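Asks: Residue numbers (our numbering), protein chains in the order written: chain U, 22 to 270; chain X, 22 to 270; chain F, 22 to 270; chain Z, 22 to 270; chain R, 22 to 270; chain H, 22 to 270.
If you're looking for bench data, these hints aren't it; they were derived computationally from the structure.
There may be inaccurate statements among the hints.
Repeated chains share a single entry, so a pair holds when one copy, or any two copies, can fit it.
Claimed, not checked - Capping the alpha-carbon separation at 30 Å, the derived lysine-lysine pairs in DSBU-like fashion look like this: (1) Lys173 to Lys253; (2) Lys253 to Lys241; (3) Lys241 to Lys173.
Quick caveat: nothing in here was measured; it's all calculated off a predicted structure.
Each chain, written out:
Number of protein chains: 6
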Amino acid sequence: MPRLLLINPNTSDSVSALIRAEAERSASPGTEVEVLTAPFGVAYIETRFEALIGAYAAAQLAAEHHERFDAVIVAAFGDPGLAGLREVLPCPVTGLTEAALASACLLGQRFSIVAISQRIRAWYLETVQSCGLASRLASIRGLDEPLADIGKVQDDQGERLLRMAERCVDEDGADVIVLAGAPLAGLARSLRGRLPVPSVDGVSSAVRHAETLAALRPGKATRGSFAPPPVKPHRGLPPAIARLLDARR
Amino acid sequence: MPRLLLINPNTSDSVSALIRAEAERSASPGTEVEVLTAPFGVAYIETRFEALIGAYAAAQLAAEHHERFDAVIVAAFGDPGLAGLREVLPCPVTGLTEAALASACLLGQRFSIVAISQRIRAWYLETVQSCGLASRLASIRGLDEPLADIGKVQDDQGERLLRMAERCVDEDGADVIVLAGAPLAGLARSLRGRLPVPSVDGVSSAVRHAETLAALRPGKATRGSFAPPPVKPHRGLPPAIARLLDARR
Amino acid sequence: MPRLLLINPNTSDSVSALIRAEAERSASPGTEVEVLTAPFGVAYIETRFEALIGAYAAAQLAAEHHERFDAVIVAAFGDPGLAGLREVLPCPVTGLTEAALASACLLGQRFSIVAISQRIRAWYLETVQSCGLASRLASIRGLDEPLADIGKVQDDQGERLLRMAERCVDEDGADVIVLAGAPLAGLARSLRGRLPVPSVDGVSSAVRHAETLAALRPGKATRGSFAPPPVKPHRGLPPAIARLLDARR
Amino acid sequence: MPRLLLINPNTSDSVSALIRAEAERSASPGTEVEVLTAPFGVAYIETRFEALIGAYAAAQLAAEHHERFDAVIVAAFGDPGLAGLREVLPCPVTGLTEAALASACLLGQRFSIVAISQRIRAWYLETVQSCGLASRLASIRGLDEPLADIGKVQDDQGERLLRMAERCVDEDGADVIVLAGAPLAGLARSLRGRLPVPSVDGVSSAVRHAETLAALRPGKATRGSFAPPPVKPHRGLPPAIARLLDARR
Amino acid sequence: MPRLLLINPNTSDSVSALIRAEAERSASPGTEVEVLTAPFGVAYIETRFEALIGAYAAAQLAAEHHERFDAVIVAAFGDPGLAGLREVLPCPVTGLTEAALASACLLGQRFSIVAISQRIRAWYLETVQSCGLASRLASIRGLDEPLADIGKVQDDQGERLLRMAERCVDEDGADVIVLAGAPLAGLARSLRGRLPVPSVDGVSSAVRHAETLAALRPGKATRGSFAPPPVKPHRGLPPAIARLLDARR
Amino acid sequence: MPRLLLINPNTSDSVSALIRAEAERSASPGTEVEVLTAPFGVAYIETRFEALIGAYAAAQLAAEHHERFDAVIVAAFGDPGLAGLREVLPCPVTGLTEAALASACLLGQRFSIVAISQRIRAWYLETVQSCGLASRLASIRGLDEPLADIGKVQDDQGERLLRMAERCVDEDGADVIVLAGAPLAGLARSLRGRLPVPSVDGVSSAVRHAETLAALRPGKATRGSFAPPPVKPHRGLPPAIARLLDARR
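Using the sequences and the hints, build the whole thing.
Replies: As structure tokens, this is what we get:
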């Protein structure tokens with residue numbers, strides 16, 4: 022039975038609760054999920070600088086806790102730190118964005134992303150581009166007013182988000198809607214049947230894909246660009262990160 | 022418990038047996054898998070014309086049998102007929118290529134495809150391009166001699182395929198190896214531990230991803246380009262296909 | 022004097038009549054044209070699934086009749102079956118889309134496609150992408166109401182189509198207008214002088230380019246990805262298709 | 022009966038003779054062809070700077086002579102000046118590269134270019150890129166020694182060019198060979214039957230496509246980016262060019 | 022102390038004055054700048070044909086005068102003749118577009134271009150594409166009415182240009198504004214503090230980058246595609262251009 | 022006189038010394054440069070995980086020290102943390118990669134990167150891709166043996182690096198060579214005259230471009246994706262980073 026670690030690189034406990042709830046709802050019978058919240062950083066990541074901080078926080082949590090788990094999930098859209106962690110962790114690692122996009126690509130040709138703010142769109146666009154999937158992106162739309170409470174955005178803004186999704190389909194040509202960001206975890210589930218196209222979210226996709234990777238046991242890279250970094254001098258690092266860098270597999 | 026239909030658009034029963042064996046090995050407990058073989062077509066599809074035939078054969082089988090299943094898999098690399106079936110079937114549909122590429126994208130940045138013939142490479146390249154993933158493709162390599170027995174290619178050519186995969190990593194920069202084509206179903210499993218990077222195949226990926234799609238219940242498109250085709254006059258079609266076209270959802 | 026076979030993969034005789042009329046108007050003196058209508062399929066192809074059926078119908082007609090002709094034209098926009106037929110037929114083959122795009126590319130840098138429905142746009146977009154010409158596509162616009170009579174769309178909707186074309190120029194930056202789909206065959210001719218940029222259609226382009234290919238005699242591939250498929254076992258195929266697969270050139 | 026003007030932007034009369042001979046062989050019955058040689062410039066264009074000069078020379082010849090013709094062809098690979106002439110001339114204009122690529126795209130998916138020098142490859146690559154066709158380019162190969170006589174390169178280097186073409190097919194994955202540059206005019210014809218894939222050249226393609234454009238009468242842009250330039254002050258220009266700029270259509 | 026030659030390929034002395042003023046304002050202490058105006062051509066270049074003429078005029082001026090300078094700047098947006106001059110001149114050469122885009126790329130991820138006319142947009146788009154930077158282009162917006170006086174466009178249209186720039190940021194997602202075209206030289210400076218994102222113009226960028234290239238002394242290509250063209254016969258060329266072609270370095 | 026802060030995200034003092042020496046050699050008269058070394062991290066960054074750590078170390082140093090400077094340079098190839106810092110710092114920020122690529126793009130069409138290890142190539146490729154410049158990349162070549170002393174790689178491996186650069190030109194079609202990575206700072210200078218094409222390095226390019234940005238004063242984004250992040254709750258951050266996030270501009 023796989024044990025999955027979900028790391029919330031945001032510092033919001035309310036978002037971690039949303040992640041945990043949706044992870045438990047979407048996990049297969051027998052899968053164990055645990056959610057950890059970043060000990061430092063910002064309440065919710067919208068920008069490249071905030072993602073830089075979140076990546077380092079995620080790396081620390083992953084370094085400290087990964088050994089008890091079969092797979093690790095970076096539980097913020099934008100996947101801060103994901104590629105780096107894939108080099109150093111011995112188990113599969115995925116993130117909300119790449120997992121949601123993988124699901125979306127299995128459901129249609131072009132997808133749109135519905136997000137919680139205008140500002141976040143640039144960072145999401147760059148994430149889609151670094152996934153090599155820009156040609157399948159129909160649009161990214163975001164809420165255009167400040168959020169009163171990040172943990173309640175679904176309740177407060179549910180109808181707006183639904184209308185944005187419909188415009189993605191009717192005006193932008195989306196075949197699939199990606200409801201993006203950990204604060205929207207579970208929204209795809211609660212909107213089920215109200216959207217004109219398939220919809221996915223990051224948490225449920227990541228949980229299911231992590232289970233799949235744990236089950237298929239595809240192997241860890243020992244050569245190539247995702248092999249562990251060459252051993253070399255380092256200094257001043259948290260002990261868990263230092264151990265990861267010194268590990269020889 | 023999800024019931025999955027795998028359609029082999031090739032006419033080779035020996036390949037269907039490979040597909041069935043790997044599908045059963047990779048399915049979650051409780052998942053039921055059934056494999057059907059194309060009633061007409063060629064022994065194994067390597068070219069665009071053969072894929073055109075396979076697509077129509079797959080469409081007929083899907084039309085006739087889909088109602089008993091929770092998801093359908095087009096079980097040939099190149100995914101003949103997949104996009105069309107996604108429009109007309111009420112359940113999720115996937116194919117070996119898009120499923121294997123989705124897995125590969127969760128394991129590294131660039132993937133190579135190892136295939137059973139030189140000729141098949143052009144068709145595979147076009148399939149990757151139509152998935153929008155050409156920027157993540159490191160290379161496609163294929164065996165360069167005619168196959169004595171398509172059902173035994175793994176036994177006959179296993180070591181050669183392994184060496185090709187190593188060259189994909191060392192010379193082409195692959196982070197992940199995709200072992201392509203239904204005749205290689207199960208090879209990723211039997212090579213486990215012998216490759217320097219993660220490897221995936223189409224059948225196990227497709228089975229797992231189909232389970233995920235069945236579990237997440239993302240919904241069927243009622244608008245957009247994957248909604249069922251508009252009702253219109255038709256003639257001369259097999260009854261099951263005619264029924265699909267006339268269905269109103 | 023070249024003899025050209027135009028295959029209408031739709032089942033509409035009224036569309037075949039439009040195709041025949043425009044083919045005869047645009048052919049060089051001495052060229053013979055013949056139009057055949059698909060014996061099975063749908064009235065007009067707008068979706069990927071309908072194109073899958075049309076491709077198989079076109080393949081059967083081509084297999085049965087190609088021997089009397091110097092070139093074959095798949096006479097539906099979207100070119101169902103074209104790439105496959107290019108592998109197996111000994112003569113040049115082209116299709117309405119690739120022929121119209123070739124003409125458009127000789128007349129300006131960016132082109133727009135004007136089409137008969139909203140739904141058809143996704144399929145056309147994918148056709149342009151598989152031609153590798155997405156960077157020259159300014160836009161695809163389509164009529165937004167159901168067609169009363171596919172054979173009379175030019176009469177019924179001529180002014181609307183003209184206005185759509187003008188918006189392609191003024192809002193989307195098109196240098197050339199492609200009037201797309203066999204039901205619009207001849208419209209470029211009848212709008213002559215009323216559009217602010219050059220316009221082309223598929224039938225006249227395909228007829229002229231097929232004449233050119235027949236005249237230049239560029240040769241049939243005996244190696245590479247458009248050589249005939251390797252001989253291999255097959256079963257259950259219509260005799261004419263089986264003969265094509267068994268032919269050794 | 023169309024009258025075609027071919028402008029050789031090189032100053033080599035021997036190359037003009039090759040162009041004339043192939044143009045006459047490939048033209049339809051009744052078509053008249055005339056070839057003019059640049060009054061200034063270099064013997065054969067291989068670089069961007071030489072193309073800049075050739076473009077201006079071609080512009081002067083076109084401005085002086087176009088009125089007697091139904092279409093104009095810039096008869097050097099690389100198409101120096103083509104896009105500019107398309108803005109100002111009232112008749113269709115094409116060039117050897119875009120015409121040969123249009124033919125190649127009707128014969129296969131990926132093409133290679135065989136050229137007369139190594140140096141010329143960068144300029145050709147940029148020409149293919151500005152045609153938006155880089156994704157269909159398999160390779161560009163060029164002779165690697167200085168040419169003794171540009172007018173006799175076919176005789177002197179025919180076998181080498183043939184072997185280069187074969188490597189394009191076998192190593193680079195080309196479906197079609199483009200024999201590039203006016204000095205190779207006619208080579209596709211004389212190699213007929215000796216190449217494993219279809220081959221095209223620029224002169225015969227351009228002549229045939231120019232006939233097609235003259236016959237289809239697609240119209241001249243009056244709006245958009247190929248409309249004639251806005252009237253504005255100018256000075257110091259050759260009278261024929263000044264007349265083109267002052268013309269109001 | 023570097024001496025910079027700025028060549029205005031337009032014939033407008035008023036634009037040359039704008040260029041000179043901004044070049045002097047932006048040059049480092051000690052840098053000498055000289056501006057030459059095209060002896061033939063059009064008042065301001067907006068189209069491909071006008072750029073073709075401007076390229077030849079720029080080439081003549083560069084050939085005649087470059088020897089006294091450490092770097093040469095083609096001082097029109099669109100960089101007419103730049104790539105060719107880079108082959109033949111012994112010193113660094115840059116142009117307003119590539120220099121402004123280089124600055125823009127150091128200030129943000131996506132840039133918009135604000136231009137003086139609608140018509141000019143197509144040529145600018147193609148310039149950005151030939152720089153390989155289309156993926157970083159957010160939009161190109163242009164004034165939509167004829168200019169009364171090209172030398173006074175900043176005074177006459179300053180507020181409109183400012184509003185266009187704001188729409189580039191708010192609607193198109195621009196991180197940086199490029200104020201394009203020599204007639205806008207100095208506008209970035211005078212709008213300083215009024216735009217919501219960094220802004221750059223071509224003249225100041227080109228002057229500074231030319232100083233950098235002169236200082237870094239990166240070397241002149243002796244091999245590859247920017248080496249001087251191979252020596253070969255030529256005829257009818259202005260003496261200075263002939264000398265450039267005959268020079269052996 | 023501009024004051025420039027160069028942040029070495031590696032922990033190697035010997036590399037900082039190389040950076041300082043080249044920065045001083047390449048700076049304009051009067052420019053002040055200061056180099057700071059990461060207080061934690063690895064000796065030299067080759068992988069995504071190491072870059073993640075370096076980004077956070079660079080962010081801390083920048084947050085603490087930026088106020089005394091007119092521009093900040095992230096002095097490692099791969100530019101760890103650059104995009105994030107551009108959001109939060111009030112002054113211009115650049116990095117070795119983007120600066121070197123900007124220089125390279127002003128010197129030719131296609132560039133190759135010569136690097137200090139094989140492993141580092143994947144990270145560099147992704148950096149070039151995120152700069153949107155993949156279409157101008159000819160190749161990335163790297164030394165293929167472990168480095169004895171990162172601070173002496175130029176002495177130990179100079180001739181090998183030179184031969185790699187020549188292969189980039191002759192085999193890969195490079196017009197410009199980028200000597201990549203802080204450990205190669207100054208190599209372009211010492212190889213001057215020995216390479217067949219222009220060569221640039223990151224430190225000298227970054228210093229000069231930072232001077233340019235400081236001089237042009239293009240403005241700081243107050244809207245768009247490089248505006249400072251929205252103010253929001255955070256916790257556990259180093260005081261200097263917290264101040265950056267709380268700053269209101």
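Asks: Taking each numbered hint in turn, which are not upheld by the structure, reported in ascending numerical order?
Replies: none
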